[in-house]
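Q: Protein chains in written order, with the numbering used here: chain F, 160 to 263; chain L, 198 to 444.
Honestly, I wouldn't trust all of these hints.
[Unchecked claim] 25 Å max Cα-Cα, derived SDA-like pairs, lysine to any residue:
id, chain 1, residue 1, chain 2, residue 2
1, L, Lys416, F, Asp174
2, F, Lys234, L, Val244
3, L, Lys281, F, Arg253
4, L, Lys199, F, Gln257
5, L, Lys199, L, Leu283
[Claimed, not checked] Listing some non-contacts, in silico: residues in chain L with all C-beta distances to chain F over 12 Å:
id, residue
6, Lys222
7, Tyr224
8, Phe228
9, Gly229
10, Gly245
11, Glu305
12, Glu309
13, Tyr346
14, Glu357
15, Thr372
16, Arg411
17, Tyr426
Hints listed in this document are in silico derivations from the structure and should not be mistaken for laboratory results. It should be emphasised that the depicted structure is a prediction, and the values quoted were computed from it without experimental measurement. From the three backbone atoms N, C-alpha and C, an ideal C-beta is built for every residue, glycine too.
Spelled out, the chains give:
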Amino acid sequence: MQQIAHTGEASSLADVLERILDKGIVIAGDIKIKLCDIELLTINIRLIIASVDRAKEMGIDWWESNPFLSSMARKREERRIMEEKDAELEVLKRRIEQIEGVGP
Amino acid sequence: MKYVYCLTSDVEPTDGLPPGLGGTKVYWISFGGISALVSDIDPEHVVGNAQNALAHHEVVQAALGLSPSVIPCRFGTLVANEEKILSLLGVHYACLEANLARVRGKVEVGVEVIFDGIATTALRQREAERAEENLTPGEEYLLAKRQRYEVNRELKEQAERLGRALNEATALFWTEVKTQKRFINGRLLLNLCYLVDRERLSSFQYAYQQFKRRWSRVKLLYTGPWPPYSFTEFFLPVPRFSLDKIA
């Protein structure tokens, strides 16, 4: 099959952006959709919007809490995991101390 | 992660594809005759800039030359891994097959028309009224508001008239049309997107040129042919279960 050549009078970057940012199929996974506090579906839209400021104006800022897309969120996630591990370690230490305390 | 450019049918793997975002190699992941064009990328490199936008578009445009059916993905589509893509193709197979059939052998063509409020009769009438009357600031405000409403209504009517006429003039050569009207700084932008059979593209272009000659007082801009971006607007969630649960 041959390549389709552009024959338009005004195909510009603006035309390309209008199509690729606003149109076309949306594939998504892992966003939380809630209805009356019941989680119905977990999907995660991974759309990168051309203007982050514009997106924030529209109230779209979900990527800031997404560890895949935000380095701050990733650090927060890493910190949370570390804190969990510290807590687990603390519990284990106490259990070992208890066991050693009641041992022969 | 996998960056997904588009979904296609009946395609044979080739080395003739342009590089993807960040110069990455584009390849196919296929399931039952439906393929996803993907490249491996770090999500942090998926930045919305002109270079990436053009790279995305060039891959989709190249796919249009390799397959009769192309469903373009929106810019920034990332899926975790190959298994998720195969799950997606498998779970939504019927929907994808129907949409691929809908755009089979077809391309999108855009026609844009700008209508300027300055030329409207509503504006000329109101300006004449304003010049004759000695208006208070309140009356001036209300008159301006009414004038905007009347100008917008007249522009919409002009756009609808032209849209209907162009649809009729090219009716033999398209299967679907999408119309969008937007007001930008007192002007109305009419955007018509046609789904045209590739075999009838030159006939469509001829009919359009004839129409353009008849409507020479209006500035029309023709764009395309594009992959059918405007005719594949739907939403597919990635399945959360693995491939072995599809069958």
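Q: Go through the numbered hints given earlier and state which of them the structure violates, listing their numbers in rising order.
A: Violated: hints 3, 4, 10, 11, 12, 17.
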